[in-house]
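Turn these sequences into a full structure, and let the hints steer you where they fit.
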Amino acid sequence: MIAIVDYDAGNICSVENALRRLGAEYELTADVQKLDAADKLILPGVGNDARAVASLREKGLVDVLRGRRKPVLGICVGMQIMCRRSEEGAAPGAWTECLDIFDCDIVRFPEGALRGQGAGEVDKVPHMGWNAISNLESKLFKGLDEGSYVYFVHSYYPTLCTDTIATCRHAGVLFSAALKYENFYGTQFHPEKSGDTGELILNNFLAL
Amino acid sequence: MVAKRIIPCLDVKGGAVVKGINFEGLREVGDAVQMGVEYSAQGADELCYLDISASREERSTFTALVEKIALGINIPFTVGGGISSLDDASRLLDSGADKISVNSAAVARPELISEIASKYGSQFVVCAIDAKCVDGVWKVTTHGGSRFSARELFSWAHEAQERGAGEILFTSMDHDGTRGGYACAQYARLSDELSIPIIASGGAGSLEDIAEVLSDGRADAALAASIFHYGQIGIPELKRALAERGIAVRPA
Numbered sequence: 019m020i021a022i023v024d025y026d027a028g029n030i031c032s033v034e035n036a037l038r039r040l041g042a043e044y045e046l047t048a049d050v051q052k053l054d055a056a057d058k059l060i061l062p063g064v065g066n067d068a069r070a071v072a073s074l075r076e077k078g079l080v081d082v083l084r085g086r087r088k089p090v091l092g093i094c095v096g097m098q099i100m101c102r103r104s105e106e107g108a109a110p111g112a113w114t115e116c117l118d119i120f121d122c123d124i125v126r127f128p129e130g131a132l133r134g135q136g137a138g139e140v141d142k143v144p145h146m147g148w149n150a151i152s153n154l155e156s157k158l159f160k161g162l163d164e165g166s167y168v169y170f171v172h173s174y175y176p177t178l179c180t181d182t183i184a185t186c187r188h189a190g191v192l193f194s195a196a197l198k199y200e201n202f203y204g205t206q207f208h209p210e211k212s213g214d215t216g217e218l219i220l221n222n223f224l225a226l
Numbered sequence: 717m718v719a720k721r722i723i724p725c726l727d728v729k730g731g732a733v734v735k736g737i738n739f740e741g742l743r744e745v746g747d748a749v750q751m752g753v754e755y756s757a758q759g760a761d762e763l764c765y766l767d768i769s770a771s772r773e774e775r776s777t778f779t780a781l782v783e784k785i786a787l788g789i790n791i792p793f794t795v796g797g798g799i800s801s802l803d804d805a806s807r808l809l810d811s812g813a814d815k816i817s818v819n820s821a822a823v824a825r826p827e828l829i830s831e832i833a834s835k836y837g838s839q840f841v842v843c844a845i846d847a848k849c850v851d852g853v854w855k856v857t858t859h860g861g862s863r864f865s866a867r868e869l870f871s872w873a874h875e876a877q878e879r880g881a882g883e884i885l886f887t888s889m890d891h892d893g894t895r896g897g898y899a900c901a902q903y904a905r906l907s908d909e910l911s912i913p914i915i916a917s918g919g920a921g922s923l924e925d926i927a928e929v930l931s932d933g934r935a936d937a938a939l940a941a942s943i944f945h946y947g948q949i950g951i952p953e954l955k956r957a958l959a960e961r962g963i964a965v966r967p968a
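Chains R and E are the protein sequences, given in the same order.
All you need for the working numbering is the position in the first sequence, starting with 1, plus 18.
All you need for the working numbering is the position in the second sequence, starting with 1, plus 716.
Derived by calculation from the structure, the hints in this document are not laboratory data.
Remember, it's a predicted structure, so these values are computed and weren't measured experimentally.
From the three backbone atoms N, C-alpha and C, an ideal C-beta is built for every residue, glycine too.
Errors might be hidden in some of the hints.
Claimed, not checked - With a straight-line cut-off of 30 Å between C-alpha atoms, the simulated DSS-like cross-links for lysine-lysine are:
| id | chain 1 | residue 1 | chain 2 | residue 2 |
| --- | --- | --- | --- | --- |
| 1 | R | 58 | E | 784 |
| 2 | R | 58 | R | 77 |
| 3 | R | 198 | R | 157 |
| 4 | E | 848 | R | 77 |
| 5 | R | 198 | R | 160 |
What the hints assert, rightly or not - Counterexamples of contact, computed for chain E against chain R with all Cβ distances above 10 Å:
| id | residue |
| --- | --- |
| 6 | 721 |
| 7 | 735 |
| 8 | 750 |
| 9 | 814 |
| 10 | 864 |
| 11 | 865 |
| 12 | 868 |
| 13 | 879 |
| 14 | 907 |
| 15 | 924 |
| 16 | 949 |
| 17 | 957 |
| 18 | 967 |
Said to hold, decoys possible - Label pairs and their computed distance ranges (CB to CB):
| id | chain 1 | residue 1 | chain 2 | residue 2 | range |
| --- | --- | --- | --- | --- | --- |
| 19 | E | 801 | R | 41 | 24 to 30 Å |
| 20 | E | 835 | R | 165 | 55 to 61 Å |
| 21 | E | 757 | R | 131 | 31 to 37 Å |
| 22 | E | 946 | R | 85 | 54 to 60 Å |
| 23 | R | 41 | E | 779 | 22 to 28 Å |
Here it is, written out as C-alpha cells:
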C-alpha cells in the first residue's frame, strides 16, 4: 500500500490520478499509524514552503517522516520541505527551517537571465514548462535517457549538493532536479504531469 | 533550456470537441478525452479545453468531463470558458484541472484574478485576453469578440500580471480563424514588457507561422486548434521543424 501524506498542501488530485492510471493502490491519510505501515510514502505539495512546513508540524508528521526507513518520494514543494531550509516565506536574509533531510537549500531564481536564444529573450520566473534533466544517477531514472524532458512549475530551486541525482538548467542556474538521501527521494518536477517519462519515474519508485 | 510549448486547443460543447469559424456552423470533431490522449501521445506539451456551452444544462456536463480528462491524460491541461467566480475555479481545481483561464468575467471584475491567485497560486491562473486592433489601438473584447470593453491590451495584461495571473493567453481577433499567421509584433511586445509567460493564439495556418511566433514573436507557447484537428500539421513533424530552426522544443 502507498500512502499519500494528507497535510493540506494544495491540490493533490493529479498525484492520485497518476497512481490510478498506474493501477497502484493508495490511501490519502494523515494518520501516523497508517503512514508508518505503508510500504511507500508520497509527500506531494503545491504552494508555499513556509505554509507547507507549518502544516506538517501542526499535524505532528515531522518525526514520522524524518524517522522513516522505507521509501519516501517528495514532489515539488513536498521535496523542497525535505531540504535544509528555504528562502520562501521568510523575511529577506532569513530562512524557513525545513526537515533537513537533503543537504541543500531552496533559493529563488534570479530575474532577467538571458535565455541565450533569440534577440534579447530572457528566461522567465516561474520556471514553467518542460525542461531537460541530466546527470541521472539513480534507480528512479532506470530506462530514462539523459536529457529527457519533464514538467516543472516553480520559482524557487534546490541548490546542487551531494544528494543531487539529476540536474536541470534555468535562468543561468544549474540546480537539483531530483535528490536522494538513503530511502528519501525528491523531484522538483512533477512526474505525475510529465507524460510517459513521468510515469516511468513513478513506476520506478513503486518498484523500489 | 525550458522548451517552447505546443498547445492544441479543444472547444468543448456538451462533451464533444467542436470547431467552427466565427462561431457559425459548429462541427463535431471528436471525443474530448480521446482527442486529449491522442494529442498527448503525439507530443503535445499541454492541452487547453474551452467550454463554449451556450446553456446552463450543457455547462453542467463540463465539470464531469474535466474529471475524466484529468484521469485520462498525463500532461498538464488548462480549462476555461464561463469562469466567473472563485467557486467556479475551486470546482474545476477539485475536478483535476491544472490551470484555469479567465476572460470576460475578469475584464468585468479584475479582482477575480487576485482572488483565485491568492487562494491557489499564480500557476493556476491564466488570463485570456481577446483583442482587436481599432485605429492602431488594441481594444480588449469580451464574449467571444462580440463586445468591446473599455480596456486596452497592454495595460490590461500588465494589470493581470500585477493581480497574480501566471500566464497571458492573448488571442488577436483580427487573426483568429484566418490561418494567415499570428500577431507577432504584439506577442514580442507583451513578452518584453511582462515577466510571465505569453501564449500565442489565433491565426496559425502553417508550420512557419508557429516558428515565427515562437522566435521573432518571443512567445513562450503557441496554441492552435484547426490546423491540429484536421490533421493539416502533425505535432511530431511540427516539433522536428521547430528544432531544425533552432527553437528549443521537447522532442515528440
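Structure-based check of all given hints:
Restraint check for residue 58 of chain R and residue 784 of chain E: satisfied, since their Cα atoms lie roughly 27 Å apart, inside the 30 Å limit. Of the supplied pair hints, the one linking residue 58 of chain R and residue 77 of chain R holds, its CA atoms being roughly 19 Å apart against a limit of 30 Å. A C-alpha spacing of about 10 Å is found between residue 198 of chain R and residue 157 of chain R, which places the hinted pair at or below 30 Å, so the restraint holds. Between residue 848 of chain E and residue 77 of chain R the alpha-carbon distance is near 52 Å, which puts this suggested pair outside the 30 Å criterion.
The straight-line distance between the Cα atoms of residue 198 of chain R and residue 160 of chain R is roughly 14 Å, inside the 30 Å bound, and the hint therefore holds. Not every CB of chain R is more than 10 Å from the CB of residue 721 of chain E (nearest about 6 Å), against its label as outside the interface. Consistency note on residue 735 of chain E: stated as away from chain R, and its beta-carbon is indeed over 10 Å from all of that chain's, at 25 Å minimum. For residue 750 of chain E, the shortest C-beta to C-beta distance to chain R comes to about 15 Å, beyond the 10 Å cut-off, and the non-interface label holds.
Interface exclusion of residue 814 of chain E from chain R breaks down, the closest Cβ pair being 7 Å apart, not more than 10 Å. Under the 10 Å C-beta cut-off, the non-interface status given to residue 864 of chain E relative to chain R holds; the minimum distance is some 30 Å. The beta carbon of residue 865 of chain E is kept farther than 10 Å from every beta carbon of chain R, the shortest such distance being approximately 27 Å. The Cβ of residue 868 of chain E sits about 23 Å from the closest Cβ of chain R, beyond the 10 Å cut-off, so the non-interface label holds.
Every Cβ of chain R is farther than 10 Å from the Cβ of residue 879 of chain E; the closest lies at roughly 16 Å, confirming the non-interface assignment. Distance to chain R contradicts residue 907 of chain E as a non-interface residue, since its nearest Cβ pair spans about 7 Å, not more than 10 Å. No beta-carbon of chain R comes within 10 Å of the beta-carbon of residue 924 of chain E; the shortest separation is about 16 Å. Its beta-carbon lying about 20 Å from the closest one in chain R, residue 949 of chain E satisfies the requirement of being farther than 10 Å from that chain.
Residue 957 of chain E, annotated as away from the interface, keeps every beta carbon of chain R farther than 10 Å; the closest lies near 16 Å. Against the 10 Å criterion, residue 967 of chain E falls within the reach of chain R, whose nearest CB is about 7 Å from its own CB. Our hint of 24 to 30 Å for residue 801 of chain E and residue 41 of chain R is violated, since their Cβ atoms are close to 37 Å apart. Distance hint check: the CB atoms of residue 835 of chain E and residue 165 of chain R are about 37 Å apart, inconsistent with the given range 55 to 61 Å.
Checked against the hint of 31 to 37 Å, the C-beta distance between residue 757 of chain E and residue 131 of chain R comes to roughly 34 Å, which is consistent with it. Between residue 946 of chain E and residue 85 of chain R the CB atoms are about 57 Å apart, so this pair conforms to the stated range of 54 to 60 Å. Between residue 41 of chain R and residue 779 of chain E the C-beta distance comes to about 25 Å, which sits within the given range of 22 to 28 Å.
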